[in-house]
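Visitor: Knowing the structure of chain A, use the given hints to seat chain B on it.
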Amino acid sequence: MRFLALLPLVFALHGATLTPERKQSNLNSFEYVWTTIRDKHWDKSLDGAEWKAVHDELQPKMEQAESMEAARRVLNEMIGRLHLTHFGVLPGDVYSELHGGAEGMDVRIINGRAILVRGKHQGWEVEGVQEAIAKVEKLYEHSTMRELMVSRAVAAWAGAHEVTLSNGHGERVTPELSEFAQHGEPTTFGNLPTQYVWSESRHIGNAGYFAFNMFFDPGRLIPALAASVGECGKCTGFVIDLRGNPGGIGAMAMGMAGFFIQQQGELLGTMQMRDNALKFAINPRVPAFTQKLAVLVDGLSASTSEIFAGGLQDLKRARVFGSPTAGAALPSVIERLPNGDAFQYAIANYVSQSGAVLEGKGVKPDVEVRPNRASLLAGKDDVLESALQWIKRPL
Amino acid sequence: MTPVLLFALLLFAPEDLPKGEDVLAKFVEVTGGRAAYEQIRGSIAKGTMTISGQNLKGTMTIYESAPAKQVTLVEFPGIGRMEEGTDGTIAWSNSFLEGARLKLGEEKAMAMRAANSQAKFLNWKKLYKSVETMGVEDVDGKPCYKVVLTPLSGKPDTEYYDKASGLLVRETATVPLPMGEVPVALTLGGYRKEGDLLMPHTLQQSLAGQRIDIEIDSVAINPEFSPKRFEPPAEVKALLK
Numbered sequence: 001m002r003f004l005a006l007l008p009l010v011f012a013l014h015g016a017t018l019t020p021e022r023k024q025s026n027l028n029s030f031e032y033v034w035t036t037i038r039d040k041h042w043d044k045s046l047d048g049a050e051w052k053a054v055h056d057e058l059q060p061k062m063e064q065a066e067s068m069e070a071a072r073r074v075l076n077e078m079i080g081r082l083h084l085t086h087f088g089v090l091p092g093d094v095y096s097e098l099h100g101g102a103e104g105m106d107v108r109i110i111n112g113r114a115i116l117v118r119g120k121h122q123g124w125e126v127e128g129v130q131e132a133i134a135k136v137e138k139l140y141e142h143s144t145m146r147e148l149m150v151s152r153a154v155a156a157w158a159g160a161h162e163v164t165l166s167n168g169h170g171e172r173v174t175p176e177l178s179e180f181a182q183h184g185e186p187t188t189f190g191n192l193p194t195q196y197v198w199s200e201s202r203h204i205g206n207a208g209y210f211a212f213n214m215f216f217d218p219g220r221l222i223p224a225l226a227a228s229v230g231e232c233g234k235c236t237g238f239v240i241d242l243r244g245n246p247g248g249i250g251a252m253a254m255g256m257a258g259f260f261i262q263q264q265g266e267l268l269g270t271m272q273m274r275d276n277a278l279k280f281a282i283n284p285r286v287p288a289f290t291q292k293l294a295v296l297v298d299g300l301s302a303s304t305s306e307i308f309a310g311g312l313q314d315l316k317r318a319r320v321f322g323s324p325t326a327g328a329a330l331p332s333v334i335e336r337l338p339n340g341d342a343f344q345y346a347i348a349n350y351v352s353q354s355g356a357v358l359e360g361k362g363v364k365p366d367v368e369v370r371p372n373r374a375s376l377l378a379g380k381d382d383v384l385e386s387a388l389q390w391i392k393r394p395l
Numbered sequence: 001m002t003p004v005l006l007f008a009l010l011l012f013a014p015e016d017l018p019k020g021e022d023v024l025a026k027f028v029e030v031t032g033g034r035a036a037y038e039q040i041r042g043s044i045a046k047g048t049m050t051i052s053g054q055n056l057k058g059t060m061t062i063y064e065s066a067p068a069k070q071v072t073l074v075e076f077p078g079i080g081r082m083e084e085g086t087d088g089t090i091a092w093s094n095s096f097l098e099g100a101r102l103k104l105g106e107e108k109a110m111a112m113r114a115a116n117s118q119a120k121f122l123n124w125k126k127l128y129k130s131v132e133t134m135g136v137e138d139v140d141g142k143p144c145y146k147v148v149l150t151p152l153s154g155k156p157d158t159e160y161y162d163k164a165s166g167l168l169v170r171e172t173a174t175v176p177l178p179m180g181e182v183p184v185a186l187t188l189g190g191y192r193k194e195g196d197l198l199m200p201h202t203l204q205q206s207l208a209g210q211r212i213d214i215e216i217d218s219v220a221i222n223p224e225f226s227p228k229r230f231e232p233p234a235e236v237k238a239l240l241k
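Going line by line, the protein sequences match chains A and B. Every letter in the first sequence is one number past the one before it in this note's numbering, and letter 26, counting from 1, is 26. Every letter in the second sequence is one number past the one before it in this note's numbering, and letter 81, counting from 1, is 81.
These are calculated hints, taken from the structure and not from any lab test. Computed from a predicted model, the values in this text were never measured in an experiment. There could be a bad hint or two in this list.
[Unchecked claim] Over 10 Å on every C-beta distance to chain B, these chain A residues come out as not near it, computed from the model:
1) L84
2) P371
3) R393
[What the hints assert, rightly or not] Covered stretches of chain B (chain A as the covering partner; in silico rule of three or more C-beta atoms under 8 Å from a C-beta of chain A):
4) 67–80
5) 187–195
6) 229–241
Idealized CB from N, CA, C, for every residue including glycine.
Just chain A, same shape as in the assembly:
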């Protein structure tokens, strides 16, 4: 399961005429997408006449589609009738360009440039990647997922090219590939591929700080957070850093929120599935941390990260710092269609306790702060600094 929101897209394949086999595979793809949505969407009313009417209206258009571009337009028109993100069709070649590569590279787009935000070369620019950035930015022009997808595209590009970094002051280096290798403990979970999970815990002045790269490996991460909170009994605040965190196991959001909630019966939100609704109920841990809580997010914080940050913000338990999140809260599945394209669909809907929908909107920080290249080069972290200033301020 991946968390990758796709919007209706326009793809330039120059209108090449399709073979009869290709046309048939597009028709098969049309039926596959229509049936999957009918049978797996959380809203069972899609079994009804309205969705059938969409089929009957658009199927002739698919029969007439003379290019892959036209066929995808029909598929995305059908999907667009749902008015939801996390549903879409992406050409097979573009799908490949958004995965793999230098997956340990932590990069953000600052003023149109791909800037490393952590590690040995924090603040340095990845050179030569502008074309890849422009391509994906155009695809995701109107999506809250833009920052996430561009970052992935840069990492994928870096895995296939020799990378040169520059510091904007005339210095250029060719880094070792190992600099961008994934780090952390290799962890497996069921059918999912091996993930590398790390966490960082420290005290900054009188505040606790805990960062981790994904909601995964609860057997290690949750005790690590417990220890971090436990050592912070006299702290005046605590920072949870979810920047770059794409989410993971949804239940961990509840388990981790419990360290900061005293009141029984609180919810982060509710996930509506096809046959039932699951409330994300928080079990308060004893003793809970009751001082100020700051959560740091950015455009790469997705899914479980958004459920955690948005839920605690909604409960007025946390103040959120950083930039808007990816708006990709729904659990979704990506499957290959008969015509080779990738089809993504969500299997549940999610709303916070107050009824706020995160999907396609994301979590809006209480205090918006974006990384600044000069600060990064100086070894500073403006987002964290802003949260620490708030913690220092008397109530």
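Guide: For chain B alone, coordinates are given in the frame of chain A:
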């Protein structure tokens, strides 16, 4: 009702159904008899739990002590330990993943009933207002008595007993969790003897769209327990302060 339909109903009148309590009594009889049940003071069942769709397999141990004490420990690689239990007074659950909590209300009552399954068969009136046979339905192609057990408080459970063998082969219930009410179906099979009792060793649970397979490898009857075995863990005790 039309005369034709009435005639059809007369032709296909339902068979006489046994009383619910007689279905339970038959189960006791075919699985070892009342005397054998009354000798059970406790047990330790060990096995595995597999969440098929996610390719997750963990170990499971169930400790039971009559009456009404139970602790279940499950450990999955990558998730860690999950445990739940009751000491006959409180019911709780605890895990790395979600933290500790006390089961309350209907969920607590259900946990207490589950820990007291011997009473269900030997003296059902301690736990249920009524036990009624509602009809005959097929489970995996075999006709079964459908028995609805209505607890003293809470929603009814439904159980299916194989007409031919008298064995319990299916249970359905709605479990009230903090996450919401979750319908659960449990299919029981692989009956074989442990001591003097015939017990199911394969259980297939369907819960919120997930299929969970449980295989019981061994059952120790009347083991010695540490006095602390059924005490709740520290995380749960902290909630009681």
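Visitor: May I ask which of the numbered hints given earlier this structure violates, with the numbers listed in increasing order?
Guide: Violated hint (a single one): 5; every other hint is consistent with the structure.
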